[in-house]
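> Each chain, written out:
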Amino acid sequence: GENVEQHPSTLSVQEGDSAVIKCTYSDSASNYFPWYKQELGKGPQLIIDIRSNVGEKKDQRIAVTLNKTAKHFSLHITETQPEDSAVYFCAASREGFKTIFGAGTRLFVKA
Amino acid sequence: NAGVTQTPKFQVLKTGQSMTLQCAQDMNHNSMYWYRQDPGMGLRLIYYSASEGTTDKGEVPNGYNVSRLNKREFSLRLESAAPSQTSVYFCASSEMGETQYFGPGTRLLVL
Numbered sequence: 019g020e021n022v023e024q025h026p027s028t029l030s031v032q033e034g035d036s037a038v039i040k041c042t043y044s045d046s047a048s049n050y051f052p053w054y055k056q057e058l059g060k061g062p063q064l065i066i067d068i069r070s071n072v073g074e075k076k077d078q079r080i081a082v083t084l085n086k087t088a089k090h091f092s093l094h095i096t097e098t099q100p101e102d103s104a105v106y107f108c109a110a111s112r113e114g115f116k117t118i119f120g121a122g123t124r125l126f127v128k129a
Numbered sequence: 101n102a103g104v105t106q107t108p109k110f111q112v113l114k115t116g117q118s119m120t121l122q123c124a125q126d127m128n129h130n131s132m133y134w135y136r137q138d139p140g141m142g143l144r145l146i147y148y149s150a151s152e153g154t155t156d157k158g159e160v161p162n163g164y165n166v167s168r169l170n171k172r173e174f175s176l177r178l179e180s181a182a183p184s185q186t187s188v189y190f191c192a193s194s195e196m197g198e199t200q201y202f203g204p205g206t207r208l209l210v211l
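Chains as they are written, first to last, in our numbering: chain A, 19 to 129; chain B, 101 to 211.
Possibly wrong hints are sitting among the right ones.
Taking lysine-lysine and the DSS-like style, the derived pairs with C-alpha atoms no more than 27 Å apart in a straight line are [unchecked claim]: (1) 116(A) <-> 171(B); (2) 171(B) <-> 60(A); (3) 40(A) <-> 55(A); (4) 76(A) <-> 116(A); (5) 55(A) <-> 116(A); (6) 55(A) <-> 114(B); (7) 109(B) <-> 157(B); (8) 114(B) <-> 60(A); (9) 55(A) <-> 157(B); (10) 60(A) <-> 109(B); (11) 55(A) <-> 86(A); (12) 157(B) <-> 116(A); (13) 157(B) <-> 60(A).
Just so you know, these hints were derived from the structure itself, not from any lab. Being a predicted model, the structure only gives us computed values, none of them experimental.
With these hints in hand, go ahead and build the complete structure from the sequences.
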């Protein structure tokens, strides 16, 4: 079946450093790539998304890049802060089909 | 707008007991989903409903049943709870293939 691989599973960075999480998807027809942040004790929430007609999207300290040829997409967080500590999930989907989630990355930002 | 609501927030069951987890959304989404998340793990899809009147199995459906009561409500039933069903259960809604909106979760302990 279709799948999304996410790496690393755990990431520890110093406050102020950058963090990068990478995902690879298998369904070449996927055209929507959201990223979710899950804080402790809460449900996942969308933080940024990108569609297949765009190569990069930025929102303040977070950015997402997409390489459709390689079927890779990545989340970049710059100037990390302690409140960025959470679990991050990537996902891939296309209209009318189920969303496939990656396994998640636990990000620790050390003050 | 309440978004996605789930009841109860916490539940303790004894092995063999039954219970129903309730979920409702007010965003007029066609699709709804039930996931389970074990400690330190990712999201695993139990069942989903692509539209009112339809339900389909996800990755881990054994031991569960669902009912799409109407467009707003999607319930998950455990007929005979087992310790292996101890988990956090999340309901989500979306248009199929688009951003999913998650509820706050139900924490279930089966003794």
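> With reference to the structure, classify each hint as holding or not holding.
These are the hints, each one checked on the structure:
no.: 1; hint: 116(A) <-> 171(B); in the structure: holds, 18 Å
no.: 2; hint: 171(B) <-> 60(A); in the structure: holds, 24 Å
no.: 3; hint: 40(A) <-> 55(A); in the structure: holds, 14 Å
no.: 4; hint: 76(A) <-> 116(A); in the structure: holds, 26 Å
no.: 5; hint: 55(A) <-> 116(A); in the structure: holds, 19 Å
no.: 6; hint: 55(A) <-> 114(B); in the structure: violated, 33 Å
no.: 7; hint: 109(B) <-> 157(B); in the structure: holds, 24 Å
no.: 8; hint: 114(B) <-> 60(A); in the structure: holds, 25 Å
no.: 9; hint: 55(A) <-> 157(B); in the structure: holds, 25 Å
no.: 10; hint: 60(A) <-> 109(B); in the structure: holds, 11 Å
no.: 11; hint: 55(A) <-> 86(A); in the structure: holds, 23 Å
no.: 12; hint: 157(B) <-> 116(A); in the structure: holds, 11 Å
no.: 13; hint: 157(B) <-> 60(A); in the structure: holds, 25 Å
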